[in-house]
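Both chains are sitting in their own frames, so use the hints and assemble them into the complex.
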Amino acid sequence: MKRFAVVILLFAVALAATVFAPASASAEDIKLVGVITKIDIAGPDATTATATLKDNKTGELVTVIVSDDLTLDKFKDHRIVVGDEIRLKYEVKDGKNTSKYFRKTAGC
Amino acid sequence: MTLKRYLILLSIALIVPFAAQAKDHPGKAYIEKNGYQGPSTCEAKGCHPGTAKKFLGTVHWKHASLVRNVDNLEPGKEYGMKNRIYTMCNGNDTVNNLKEVPPNPKTGKTKFTGCNTCHPGDHLSDVGSTGKKAEAAIDCLLCHSSAYDFRLRKPFKDEKGRVVMGQDRSVKAAMAVGKPGVKNCMVCHEAAGGGVLIKRGFAFAKETDVHAAKGMVCVDCHAAKDHRIPTGFDPNNWANDGVRVACADCHGEAPHKDEDTNRHVARIACQACHIPRTGGAFAKDFTRWTQGSDGFFEPTTLRKEANETPPLYAWYNKTVSNTPAFIGPKGSRGDKGSRIYPFKMYEGKAFFDRKTGELLSMDFAPPMATGDVLAGVASAAKTLGIKEYDPVPGWQTIYFGSSHLVTKEKALSCANCHAPNGVLNFKSLGYSDEEIRKLTSAALYFDKMAEKQKEEW
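Protein chains in written order, with our numbering: chain A, 1 to 108; chain B, 1 to 457.
Next up, chain B with everything else stripped away, as it sits in the complex (with noise of 0.2 Å):
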C-alpha cells in the first residue's frame, strides 16, 4: 500500500466520524448575518479570494481545452462538449443550446432542453463566457452544498425572454457548503447522453463499486486542485484541465501480493481485471428518433444497466483514433506504452455529409418536437453557418474508456484470460497461433491454483 493511498483511506478514517463538524464551515456566522449572494459571498472576508476568476478556466465553465493527444484535430483549438460532435451527443452546446423546445403538435405541449443544461452558470453566462458578470453566476452550491434544493435549479424565461438557469442561492444550502458529495457530482454526470446511466453506464454505488463501498466519493481520485479535475485517459473524453488521474497514484505499480500478477501491470491496465463489466447505451439511432408517451420524440437508444455489458479489450497508449466513423484507442502489442484495457462499445448512427464523409451534428429541438430529424440537422448547419451539405444516414463505433465499476472480488482471474473461452480475443491483440496455444492453457497456472485452492479449503 502507497502512502498516498494511506493517507487517504486514513482521512476517509478520520472525517467519517466527525463529519457533521463539516457544517461548522468558516464563515458560517457572516452568511448567517449578511445571506448568500452567490461567488461574492465565497469571496468575501478574504475567503476564496480570486477563486471564482479561476474557475473561469476550468472546463467545467468552458466545456472545452486544448486536445493533445487525438488525432485530426486543428491545433490551438480548443475541444469538448461546446463544440464536438460526435454520435452518443448528436449535438453539443452550441448547436444544442438550452432552449425552449417548439410546440408538440400533439399535445401543444413545450419543454426546455440542451447540451449545455448541466453548465454551471446561469445561462446568461454560459459555456466560456468571461468577466465579472461570468464569475458571479457561477452555482458554487450546485456542486458544493449537501442540501441544495434541486427545485430551483430549472430553467425558466425572464420577462426579457431570455433563457435562464435557476439557481439554489438559499442561506440553508449555503451553510451546507463543503466538498462535492457523491450526488453533487452524479446530478449531471450520471444523466449525460440521454437518460440515467446512457452514456458512462456506471453507478458510484456500494452495490457497484469498491471505492464507494468503502465509503469514498468522486473527489477523493478526482481530487481537485484550483477547481481543474484530475481525469483518466478516455478516449472519447478530451477535455481536460490538464492534470490526470490512475489507479497506480494510490495503488502503486506492484499493488498484489502474488508477483505473478504484478508483473501483468506492465502490459495489462488495472482496468482490464477489475473492472470485468460495462453498462449503459451500446447504440443509438438518431436518424430515427422514438415518440414517447409524453408525445415528445427521442433518439432511438438501445441500453443496459450497470454491469450487464462485457467490454472489448484493445491495446490503448494514450492517444487516439479521431475518424468520422471511428473513435477509439491507439496501440499496439509492439508499442511498449501501450497496455491492454477494457472498453464500453458504442455504435452510434447518424447523418453524415456525403460530401465531405464528415459527421454531421443536430440541433435536437425540431426533432424532440416533431420526429423531423433533417429539420435538426438543418438548424445545426446554420448555427455553424455550413450552406451546403448532403446528409446520408451512416454509423460511427466509440470506444469509451471503462474506470468505474470497480471490483475486487469479482475481479478477473487466470482462467478468465487463459482459457481456449477466456475473455481475451488474443488474435486480434495480435499474437500468433503458437502463442495464444501457450496463452491458452491451464498449463500456465495449473499448479499455483491448484496450491491456491488447496490452502484456501
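Only chain A is shown next, with the shape it has when bound in the complex (with noise of 0.2 Å):
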C-alpha cells in the first residue's frame, strides 16, 4: 500500500511538472513587454534580424529572430529602433526565441 502512494504520488508529481512546466519549455506563446537593447541585421538583403529586448517586468535580456518582412523593413528603415518599446510575442522553436508578434507599443 505504501509502495502504491509513492507511485502515485511520483505520478502527481510528473503531472504537475508538466503542466505547470515554464512555457519556455513549451510550443506556447511567451508574451512580453520591453524595450530595444539592440537589433542585429545583416544588410539591407537580410531575410532575419535578432532583436534583444530589456523584459520590463523582469528586467531580463530576452533575444528573438525576427523574420516576418514588415517588421524586418521596420529595422532597415529604422522606423523600429534601439530604444522603442515593444509589445512582443514569440514561441521557443528548435531552442531558438523566435518572434510571432513584434510591435511599438507607442503611437499619437
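Do not take every clue at face value.
Among the chain A residues that face chain B by a calculated CB cut under 8 Å, a handful are [stated by the list, open to error]:
#1 33
#2 70
#3 73
#4 77
#5 106
Derived by calculation from the structure, the hints in this document are not laboratory data. The beta carbon of each residue, even a glycine, is placed where N, CA and C say it ideally should be.
In C-alpha cells form, the structure reads like this:
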C-alpha cells in the first residue's frame, strides 16, 4: 500500500511538472513588453534579424529572431530602433526564440 | 472589368518589372550636384513648380477642411484632427500639441508626444501654417522617399528651446524619391489613435487585403491630384480634400458574374460582403489611464488584431449624425440613397461638461506623466479658453468606416446573411417579421447554390 502511495505521489509530481512547466519549454507563445537594447541585421537584403529586449517586468534580456517582412523593413529604415518599447510574442522553436508578433507600443 | 481597373492592373504589371528605373528620377544629377534642401530642390529647374504652396492647402497640411455631410457643425468652419474632439482621440493638434511631457515622478524621465507628431512639417511651421517659411518646412521625402531614415524624424529642442521635428533631407533619401509606397503612408496612418492598428484596425498587407496581395499600394486607389487625396465617407473621418474614392471607380456597379449578386449592389455596399471583419481598439477609457512599465500612463484601451472583430451593419447615406454621445451613419431602408455598410464599432469613455453636455477634450501631457486626467482636461480647457466646466465621465459610441481588409475568397456568401443565424440583424435594419422570415430562409438560394455546388465538385 505504501509503495502504491509513493507511485501515485511520483505520478502526481510528474503530472504537475508537465502542466506547470515554464512556457519556454513548450511551443506555447510567450508574451512580454520590453525595450529594445540591440538590433542585429545583416544589411539591406537580410531575411532575418535578431533583436534583444529588456523585459520590463523581470529586467531580463531576451533575444529573438525576427523574420517577418514588415518588421524587418522597419528595422532597415529605422522605423523601429534601439530604445523603442515593444509588445512581443514569441515561441521557442528548436531551442531558438522566434518572434511571432513584434509591435511598438507607442502611437500618436 | 472596367477600363479604369484594366488600366490600373496594366500599370502595375508594367511598373513592377521596371521599378528599379524609378531610381532614375529626373533631376538626379541636379540633386547629386547641389544636395537636397527640401521643397526648393523639388521645385528647382522648373520641376514641380508651385507644388509646395498648393500642398499647404491640403488636408495633410491643414489637418482640417470644410465638412458638408456631418450634423451640428458650424457652417464655414473647418474641422479635422486640428480641432475635433471625440473619444478615440480625446485630444487634438490644438490642445495636445507636440511637446515634452512633464517628468514622470517615479522615473524622472520625460518624452515628446502630441497629436501633430505626424504633421509633415518641422513643427515650427505647423498645422495650417502658410507662407514661404511653411513651404520650405514641408517634409516631401517623408511621403516620397523609399530610403527615408526614420531615425532623423524625431522631435528635439533647438537652441531656443522650441520643439522641432527632425527630417531626413539627405541626398540618399532624395535620390530614392518616387510615388509613395505603403510604408510611407502607414508610418503615420497605422499608429493613429495610440498605437499600431489601434484606430483603424487594419494592416495593408498581402495576408490581410486582396489589393495588397496583388501588389497594389495605397495611392493606387487613393490616387492624388495636386496632393489632394481621395477618401471614402467614413462617418468618423471628416476632413477631406473634396475628392472621393469608391470601389465602383474601378470595379463598376455590376462587378459580379452572377446577376443576383449584382442586384444586391443597389442596397448593399461592396464592403458589407467583402470586408467581413474589422480590428483595432473597440473601447478606450480616457478617465482611467494605466501606468506602463516605463512609468508613463496611457488611456486604458481594449484592442483586437486586424480581422478579429465582427462589424456592425447599418444603413448609411453618407451623411453623419454627430452628437456628444454618438457619431455614426444616418440612413434608412426607406432612403433610396442608403446602402448597408459594415462599421467598426468603438466606445470611448471621457469627460463631458455637465452644464452643456458637450464632450471635453484633454491635453495628454499631464496624465501621461502622472495619471492625473483632470489636470489634462484643465490644461485643454485653458488652451481653448473655457473658464467654467463641470467634468463628468460618460460614454460616446462611434461607428468607424470599414473599407480595408478586403477579401475575395472569404467574402460573405448567401448563407452568411440569409439564414436565421446570419450576420445581418434584419429587424434593426427595418424589416418586418414576415420579411425576415423570407429573407432568412435557404429557400431564397437553395436551388442555385445546389447547382453551383454540383459544378464545383
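Going down the list of hints, with the structure as the test:
1. 33: 6 Å, holds
2. 70: Cβ of residue 70/A sits 7 Å from chain B, so the hint holds.
3. 73: 6 Å, holds
4. 77: 6 Å, holds
5. 106: Because about 7 Å separates residue 106/A from the closest Cβ in chain B, which is inside the 8 Å limit, the hint holds.
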